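Asker: Put together the whole structure using the sequences plus the hints.
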Amino acid sequence: AGFIKSPLSQKRLTQDSVELYCEAIGTPIPEIQWWFEGNEPNETYAQLWDGARQDRVRINATYNLHSTSTISITNLTSDDSGTYECRASNDPDRNHLSKSPKVKWIRSQANVFVIERPDIKAQVTGVSGKLVLACNMTGQYLPIQGHEWMHGDKILQTDADASAFTSYTIEGKMEEHSGVYECVYKTNPVIKGHLNISVPPQVTAYKKSEHGNEGDTGVLVCKCNSFPPVTSWVWYKHGQEVRAPIINGSGRFIIKSSGNKTELRILKLNIEEDTGDYHCNATNAYGQGSATVSLRVRSRLAALWPFLGIVAEVLVLVTIIFIYEKRRKPDEVLD
Numbered sequence: 001a002g003f004i005k006s007p008l009s010q011k012r013l014t015q016d017s018v019e020l021y022c023e024a025i026g027t028p029i030p031e032i033q034w035w036f037e038g039n040e041p042n043e044t045y046a047q048l049w050d051g052a053r054q055d056r057v058r059i060n061a062t063y064n065l066h067s068t069s070t071i072s073i074t075n076l077t078s079d080d081s082g083t084y085e086c087r088a089s090n091d092p093d094r095n096h097l098s099k100s101p102k103v104k105w106i107r108s109q110a111n112v113f114v115i116e117r118p119d120i121k122a123q124v125t126g127v128s129g130k131l132v133l134a135c136n137m138t139g140q141y142l143p144i145q146g147h148e149w150m151h152g153d154k155i156l157q158t159d160a161d162a163s164a165f166t167s168y169t170i171e172g173k174m175e176e177h178s179g180v181y182e183c184v185y186k187t188n189p190v191i192k193g194h195l196n197i198s199v200p201p202q203v204t205a206y207k208k209s210e211h212g213n214e215g216d217t218g219v220l221v222c223k224c225n226s227f228p229p230v231t232s233w234v235w236y237k238h239g240q241e242v243r244a245p246i247i248n249g250s251g252r253f254i255i256k257s258s259g260n261k262t263e264l265r266i267l268k269l270n271i272e273e274d275t276g277d278y279h280c281n282a283t284n285a286y287g288q289g290s291a292t293v294s295l296r297v298r299s300r301l302a303a304l305w306p307f308l309g310i311v312a313e314v315l316v317l318v319t320i321i322f323i324y325e326k327r328r329k330p331d332e333v334l335d
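In terms of full-length UniProt numbering, the sequence shown has 81 at position 81, counting the first letter as 1, and numbering is strictly consecutive.
Just so you know, the hints here were simulated from the structure itself, not pulled from any lab data.
In this text, all values refer to a predicted model and were calculated from it rather than measured experimentally.
Hints may be right or wrong, so weigh each one.
Here are the simulated DMTMM-like cross-link-like pairs (lysine to aspartate or glutamate), alpha carbons at most 20 Å apart as the crow flies [stated by the list, open to error]:
no., residue 1, residue 2
1, 102, 91
2, 268, 210
3, 130, 171
4, 208, 277
5, 11, 79
6, 104, 93
7, 192, 16
8, 223, 175
9, 237, 272
Pairwise CB distance ranges (calculated) [as the list claims (entries may be wrong)]:
no., residue 1, residue 2, range
10, 253, 161, 55 to 61 Å
11, 21, 161, 31 to 37 Å
12, 323, 272, 39 to 45 Å
13, 49, 104, 20 to 26 Å
14, 296, 324, 42 to 48 Å
Where a beta carbon is used, it is the ideal one built from N, C-alpha and C, also for glycine.
Answerer: Here's what the structure looks like:
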């Protein structure tokens, strides 16, 4: 047996996760095992199993043309620091309790260093129509090579400052810039702080005015891109004596809501019953927000009026020409 790929040493922070990969080849296909030795003076190697350490250890192995195995450990603590050893063997007696294997297990090691996560104090303040996002790392921390500010996958700002304090300024109102922001410290390993700008739902109608023909299906859509996500959507129709919510599946109404979008479908539109304003109301942990969609239902004959108007104009024109020709012919006979 021999190794194709060996596990690599890594640095991680407490509460992070780590993944080590090992790949071996041989005939017959070798078995792979994972062993661990901690940093305590009297600690010796012990085999690791799937589900060990209160179910924080996961081992996935495949045996096809060659052997591959991945060990992952979640929610790291300082006790997870140590030497991790990938062992491979294809000796038939490798796991025999009394016989000694003819071929020794081959071994490949990687060190995992788990560093205590520094404390980051993050805050958001509003000053003169601006939002100031700030992070300050306290206590002992690793050498800093710079910072980045991120919103999702977008890098907003970057620098090479070695300071434990970093800030980012946003022009505009809080409602316009809600979401999850990250202050990233360029250390080894990388350290991140999180800031949430949370607001009530900022609901908008996909179209403020919708039109539909009588008998067709009307579709009204509202969306909300603010943070945190919407937890519930409700539709109302304006002008009802009792402001009762529209129930999904009742009558001709079908409501589909998924996260930050909701859709109201009205089957077989009725010009008298369905014309009017509809309100979509969203709720999250910070409050409520709503938008209005105006629905106008047209008669099916409405589409024929332009055609009938053209036909009428043609008939009038033909009539005028006919009368003109009729009056002109007697004059020609006299001549």
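Asker: Could you tell me which of the numbered hints above are not met by this structure, giving the numbers in increasing order?
Answerer: none
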